[in-house]
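Taken in order, these protein sequences are the chains called A and B.
The first sequence lines up with residues 1 to 117 when you count with my numbering.
The second sequence lines up with residues 1 to 114 when you count with my numbering.
These are computed hints drawn from the structure, not numbers from a lab.
Mixed in with the good hints there might be a few duds.
No farther apart than 25 Å at their CA atoms in a straight line, the calculated lysine-lysine pairs in the DSS-like style are these [what the hints assert, rightly or not]:
1. 101/B - 20/A
2. 41/A - 111/B
3. 66/A - 41/A
4. 101/B - 64/A
5. 66/A - 101/B
6. 41/A - 101/B
7. 55/A - 101/B
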Amino acid sequence: GAVVSQHPSWVICKSGTSVKIECRSLDFQATTMFWYRQFPKQSLMLMATSNEGSKATYEQGVEKDKFLINHASLTLSTLTVTSAHPEDSSFYICSASSGRVYTDTQYFGPGTRLTVL
Amino acid sequence: AQSVTQPDIHITVSEGASLELRCNYSYGATPYLFWYVQSPGQGLQLLLKYFSGDTLVQGIKGFEAEFKRSQSSFNLRKPSVHWSDAAEYFCAVGTTSGTYKYIFGTGTRLKVLA
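This is chain B alone, in the form it adopts within the complex (with noise of 0.2 Å):
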């Protein structure tokens, strides 16, 4: 079965510290994988994709994202996380083939320390 799992609830570090965000994926054809912020008040915001290519995708804010298939791993990462930056994180797979739709993991909350 397609599934995204995101095995964080909430995670919490200081202003300047670095951040990595979880997720893994199962499906059984080429993933479309995709990165959302969703702050209160505004729609989700893409924040980086990938289907092929670079393995290492950059997007914006300063986020980047790697995408290991042996893991079936697609980790969101920025080096030096800001105050603004505290929001929900979801990880997404778009599936290639039959119906196309998007599959969320449960989100990743992120709280950010002065």
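Bound conformation, chain A alone (with noise of 0.2 Å):
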């Protein structure tokens, strides 16, 4: 239990254009969702968590006109990538938390590798 996917799993985009990734939580509900970004050899930063039916809370230094999420339904999340460029070229993983508290375990996804032309 407590599936986490993402899609696409890779993807190459031109300078300038906008890609959309997908969170979906399998088998479980997801009350909350929270999408990192890893660099290589780094570790995982948080860039913004999502509550179903509200908006995205981003974190410092994230900007939220760039990386637009939404959390629609308890089971999707979704993060566009706007107008990217090859900075933006990274890993971005997304978890799911069925609940809002410390005590509800985040479960990952498999990340979707972004490269940027």
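Join the two chains, each given in its own frame, into one complex according to the hints.
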């Protein structure tokens, strides 16, 4: 149980285009979803937290107009990288939790590799 | 400030040898601590977690971790490493006050020699 999927697993796009990444909880309802960014050989940096039906909360330094997050249902959250540039190339990982408090474990998706040319 | 430190970027052990991965945290309140493993092409998998109770926590795949409040540490151990344990290991602190989120360490890459 507690499976989280991401689609696509990798994507290559041209500079200036937008890319959408989907995160789905397959066997549980995800009240809260998180989006992380992982640079090569570095840790996961939290970008934003989204609760179903409300606006995402972005971490300091993350451009909310560039990284659009939508959590429209209890099983789906999307991250759209708008007007992507090469510096946006990274590994994006989502996680999902059935609750909103610290006792609710996060379950992670396999990640999406974004390459912007 | 809240932070997690994993002092060892890379560790190499021989198959069958014991393993200890270090994790130190800085958090003002009672921490909720995790160890995750990341293998290529797979999502982070939860090995074990600790919030309260017995300070020695048993996890999956034969891993255990010990919480030491006085040392602000949560080291991961395994008595006998298998080649399949080669992966990236992350320690994380879950915030227990304010906004609910995880703070990850920089990770330790484990290499296992046959």
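Checked hints:
| no. | hint | in the structure |
| --- | --- | --- |
| 1 | 101/B - 20/A | holds, 23 Å |
| 2 | 41/A - 111/B | holds, 14 Å |
| 3 | 66/A - 41/A | holds, 24 Å |
| 4 | 101/B - 64/A | holds, 18 Å |
| 5 | 66/A - 101/B | holds, 22 Å |
| 6 | 41/A - 101/B | holds, 21 Å |
| 7 | 55/A - 101/B | holds, 16 Å |
The structure shown violates none of the earlier numbered hints.
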